[in-house]
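Number of protein chains: 2
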Amino acid sequence: MDARHAIPSPSASQAAMSESNRSHILDYLFRHGVSSRAEIAQVLALTPAAITKITARLIDAGIIRETGDIEGRKKRRSIGLSLANDTIHVIGVKFARSIVQIAVFDLAGTQLSLQTLPPVTERTIRTTLDQIRTGIQHLLDEDRHIIAVGMAVPGPYLRDVGRTAVVSSMEGWRKVNFLHEFAQRFRVPVFVEQDARAGALAHYLFDRTNTCEYLAYYLIGEGLGLGVIEHGRLIDGALGAATEIGHVSIDVHGRPCECGNVGCLERYCSAVAIHQEILTRGLVAGADTMNHEEACLALFAAADDGDRKAQELVQEVGRYVGYGCVTIFNMFNPRRIVIGDIVSQAGPRLLRAVREVVNERAIPELNDATAISLSELSTDSAVSGGTAIAITHFLEHPSTFFDVPS
Amino acid sequence: MDARHAIPSPSASQAAMSESNRSHILDYLFRHGVSSRAEIAQVLALTPAAITKITARLIDAGIIRETGDIEGRKKRRSIGLSLANDTIHVIGVKFARSIVQIAVFDLAGTQLSLQTLPPVTERTIRTTLDQIRTGIQHLLDEDRHIIAVGMAVPGPYLRDVGRTAVVSSMEGWRKVNFLHEFAQRFRVPVFVEQDARAGALAHYLFDRTNTCEYLAYYLIGEGLGLGVIEHGRLIDGALGAATEIGHVSIDVHGRPCECGNVGCLERYCSAVAIHQEILTRGLVAGADTMNHEEACLALFAAADDGDRKAQELVQEVGRYVGYGCVTIFNMFNPRRIVIGDIVSQAGPRLLRAVREVVNERAIPELNDATAISLSELSTDSAVSGGTAIAITHFLEHPSTFFDVPS
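Chains A and B supply the protein sequences, listed in that same order. Every letter in the first sequence is one number past the one before it in this note's numbering, and letter 330, counting from 1, is 330. Every letter in the second sequence is one number past the one before it in this note's numbering, and letter 303, counting from 1, is 1303.
Hints were generated in silico from the structure; no laboratory data involved. Some hints here could point you the wrong way.
Computed, partial: chain B to chain A, Cβ under 8 Å [as the list claims (entries may be wrong)]: (1) Ala1165; (2) Ala1242; (3) Thr1243; (4) Glu1244; (5) Ile1250; (6) Asn1261; (7) Val1326; (8) Met1331; (9) Asn1333; (10) Ser1344; (11) Gly1347; (12) Leu1351; (13) Leu1366.
Pair by pair, the computed Cβ-Cβ distance ranges are [stated by the list, open to error]: (14) B:Arg1255 / A:Lys309: 28 to 34 Å; (15) A:Pro118 / B:Gln1315: 19 to 25 Å; (16) B:Asp1069 / A:Arg65: 18 to 24 Å.
For each residue, glycine too, the CB sits at the ideal point set by N, CA and C.
Next comes chain A alone, as it looks inside the complex (with noise of 0.2 Å):
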């Protein structure tokens, strides 16, 4: 017999079943709002009875309410059920290289806190774990309706270990097992994930313009990331470690990177590569005492004040970003590709060399039939994406969230 394909009992089935029923309906609910128990049925192709069964429990559990009357099919009035949103909290967390925020969202997606924590350096990296412990245990003692905290760090993050295995230009974060230091540690349970990866679900849970199962975000911040949904469904990789654009080389004769490959496209147009660009060309006024981020927003402010070396260098940068697109096309053929994260605020100069490149380099069918755009979720909610690994969690499998009686 096939290793691959373990015996489950019986009953180990019937409750895999039941969960993925309630995860159906919560989904449901998620996706549409206030909804009647025949409406659900129907599309999950439920009996009756089964429907009200499930949908009891997940009332008494708390993840569900009834709210009213509603107008159902053939104009027949039938009580509505909706997700218990602004009562089931979770906290988000974003590590970048140097910036760190923790957010507190509800289930729709609403930002109810954001807190930016002191700028990390390689030295204060220990001290901002024990802030962020402190801070998440502030949070929930505060609000008992937080359910899970979600975490996006930056790729390639190997899964099962909790460590990344690359941060360049920051190698400190390197030795952090995120499991170590924050599973177990609080009442709730903690999900962590690739950043980019954790930002493609934030566009697929909270954009309500995005209808679209093939959706690529392209995360170029301090790092780039690349999160791929294909049919509705994460690319994830064996290790966890997929989507890893940022070490893809776009030149193997070019810049040594410290993942060991060669002309990672990480390394000219990241926002750690814009920075030392603008150093190197004396772009900025005072940016070696900036940040990554500042510097990359005062270039950007530069060139829209009409600098011509600025422009340049967005124009040059937009270019690389174009080539990482040009990739995405032949490696994942999404149908849209979202920019997002601090290369983002560019803009519209950006996005223009991103498309020039694209229609000199793309195959023109894949060209045609992929929208890139930048992202249009707000600027805050760059932990977003951390919020949308721990709703997603909570979607898929709710018992291991609340007592559902079964």
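Please build the complex by placing chain B on the supplied structure of chain A, with the hints as guidance.
The following block gives chain B in isolation, referenced to the frame of chain A:
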């Protein structure tokens, strides 16, 4: 309401559930061979009544059969079920650029016949298409057990259109619409898939040593291709044009490619590129009258015979194949990369060069967790990919091939 979730009728849902159960039973029998009803029922969490009903109808349809007593659990004798392997046949067709092969396989993956058509040139494409149609019709007339045709074609194949977007070095194929040429022509359905994706499926279905759900098949023939199985499912992209590693740039300042991109990997290590290099360096006598495969095989033989210049070229090619492997690591993080087709016949010398690059350039944690090997499916099994596509469709949607009583 979200356009993504069309509401099926309850009867449509139930029909889908029945088909899903049939598919799971067939898939189980395909992977595990002779099995008892009790074993299948337990794995799939079906009731004894349900398994009896479904298997009775599959037996009536001639898809499975009873095979006499087997020893079940608790040493009780029970009746075995198996797929009707010997009376279910499929045709597999492989289109490379100059090479077309047509084979018949049974459901167990045993090759029953193989024919190779005369070499194809730009001018003989239409003749070749006629030969394929005639050949398939002849096989169908002779063998009533054939239930489907699967075709493996070069990518980027646009699934819904039926056409390949770019066929470097033989653009005539671009004008061929495989769906127009072959669908609806025969008494059986025809399925078309990108060749390397078909190859990945073949390794997933037929390679009994494979126990891996994160598998990449890296085809290096007249063109380059990649097929990636992620958690047991092919990555295919919105248009079916994902995993096109041949047109991923490894040098944005490198050699221009017919696809519009610059520095495409295919320009450095395909059989076409190698043949060109053999001619430029004068490495093989008479190479100008050989086809690409013959020239490559002559080069590999010369290298094995101790020819230093031939060895150098194999080494260089291996390095480019290795750059591709590093990119596959970073983009897909598979557990296993299988290198196949013409260039894999360079053997251990090539694999050493690949591993040298990977050891230098891959993220160590990914390198440690990923096996790279040469394909062990027999050489003639170039067409087994087409076969694997047809069998996969049959296992997933049996009622579209057989009249299964409901």
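Right, here's what the structure says about each hint:
no.	hint	in the structure
1	Ala1165	holds, 5 Å
2	Ala1242	holds, 4 Å
3	Thr1243	holds, 6 Å
4	Glu1244	holds, 4 Å
5	Ile1250	holds, 5 Å
6	Asn1261	holds, 5 Å
7	Val1326	holds, 6 Å
8	Met1331	holds, 5 Å
9	Asn1333	holds, 3 Å
10	Ser1344	violated, 21 Å
11	Gly1347	violated, 24 Å
12	Leu1351	violated, 19 Å
13	Leu1366	holds, 6 Å
14	B:Arg1255 / A:Lys309: 28 to 34 Å	holds, 32 Å
15	A:Pro118 / B:Gln1315: 19 to 25 Å	violated, 52 Å
16	B:Asp1069 / A:Arg65: 18 to 24 Å	violated, 56 Å
Hint compliance for this structure: hints 10, 11, 12, 15 and 16 are not met, and every other hint is.
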